[in-house]
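Per numbering that gives the first Met the number 0, residue 0 is the first one in the sequence shown, and the count goes up by one each step.
Think of the hints as simulated: they come from the structure by calculation, not from any bench. Just so you know, even glycine gets a beta-carbon here, dropped at the ideal spot from N, CA and C. Treat each hint with caution, since some may be false.
Label pairs and their computed distance ranges (CB to CB) [claimed, not checked]:
1) Glu80 with Val127: 23 to 31 Å
2) Ala104 with Gly24: 45 to 53 Å
3) Ala7 with Arg170: 46 to 54 Å
4) Asn106 with Gly85: 27 to 35 Å
Cross-link-like lysine-lysine pairs, in silico, DSS-like; alpha carbons within 30 Å at most [said to hold, decoys possible]:
5) Lys192 with Lys150
6) Lys150 with Lys262
7) Lys50 with Lys174
8) Lys174 with Lys192
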Amino acid sequence: MPETADLAAPFEAAFALLKTTIDEGRIPGGALGMIDIQGNRLTRAIGLAQKVGGERPMTVDTWFDLASLTKVIFTTRRILELAAAGTIDLDAPLTTVIPDFRQYAPNCWERTVTFRQCLGHQTPFPAVEPIYTYGDDPDRLRAFVLQRQWKRGEPAYSDINYILLGIALERLAGKHIREMDAGSGFAFSGDPKVTAATEFCAWRNRMICGDVHDENCYALQGSGHAGLFGTADAVLDYARDLLQRDLTNDPVVKWMRQPLSQKRTHGWERPYAGWSGGSLCNDSVIGHTGFTGTALWIDFERGRAWTLLTNRVHPTRHFDSGIFALRAALSDVINRY
């Protein structure tokens with residue numbers, strides 16, 4: 000087992016960077032958390048959970064729209080648990096669970112896409128598609144995703160991969176994602192009184208707080224690529240669970256750590272030049288970010304994890320929040336200890 004690390008010094012250094020960013024007015028507020036494999040943790044919040052439409056302070060109990068952390072906390076884990084149980088084969092095409100996927104084109108490339116390729120973002124799907132603009136019936140939009148002739152491009156990080164994995168989970172469970180267990184400490188919506196506000200949405204014509212920020216997830220009324228809400232402590236608990244399961248050679252965690260490309264494992268990112276975790280992570284670290292301003296990194300070699308949760312899109316995404324530089328600098332500071 001990794002030795003217990005002193006969390007106080009790296010935590011204070013990292014929090015100072017978050018405070019500076021907030022003092023500069025680049026991000027309304029945020030929560031920083033660190034935990035080690037033994038369960039020692041530090042969490043602290045600063046700034047505002049909402050500044051437009053009424054001011055509320057950020058606290059360590061504030062809930063966040065976790066955005067694409069949904070991919071790794073919810074969807075990846077469940078797909079890999081099904082693989083470990085023998086329910087699905089990661090190298091089998093999605094059509095083994097979704098036989099009607101592009102059903103009118105039996106020889107199309109979409110029908111050859113596998114679970115593992117979706118987990119590693121090794122498919123030709125576009126990075127993003129405004130699915131919500133094609134209608135407002137969630138089941139019809141699922142049919143649209145499944146029957147659309149997708150433009151084939153170079154492999155890229157794509158929400159479509161995880162929308163499809165979410166549909167596979169729904170087919171296997173016989174119910175929509177929002178009817179599933181979100182996981183301990185998580186939910187698929189947030190109480191507006193204790194949730195960090197995200198963005199004023201021109202499509203919905205209101206400030207978003209408690210509903211999912213991602214337009215496609217909102218239109219689908221639940222999806223595998225976004226939609227999970229949680230607190231800093233919930234995210235840290237999830238990370239510690241993975242650290243502990245790694246000690247038992249848990250197959251789910253082994254897959255999460257297994258490289259699939261220079262940049263990715265099953266679901267997660269791994270260290271590469273310019274990634275969110277800075278330049279000082281060891282090769283055992285996996286991490287992921289979310290568009291709303293969230294992130295989580297897990298260091299299996301040193302037995303610790305850290306999360307940065309912010310509302311950097313509040314009240315708008317069309318502003319240079321400095322989140323990319325902050326994530327890297329914060330992680331570098333932590334990894335110097």
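Hint check:
1. Glu80 with Val127: 23 to 31 Å: holds (27 Å)
2. Ala104 with Gly24: 45 to 53 Å: holds (51 Å)
3. Ala7 with Arg170: 46 to 54 Å: holds (47 Å)
4. Asn106 with Gly85: 27 to 35 Å: Given about 29 Å between the Cβ atoms, the range holds.
5. Lys192 with Lys150: violated (42 Å)
6. Lys150 with Lys262: Status holds; Cα separation ~23 Å.
7. Lys50 with Lys174: Since the Cα atoms of Lys50 and Lys174 sit roughly 37 Å apart, the hinted pair is violated (cutoff 30 Å).
8. Lys174 with Lys192: It holds: about 29 Å lies between the C-alpha atoms, which stays within 30 Å.
Of the numbered hints listed earlier, those contradicted by the structure are 5, 7.
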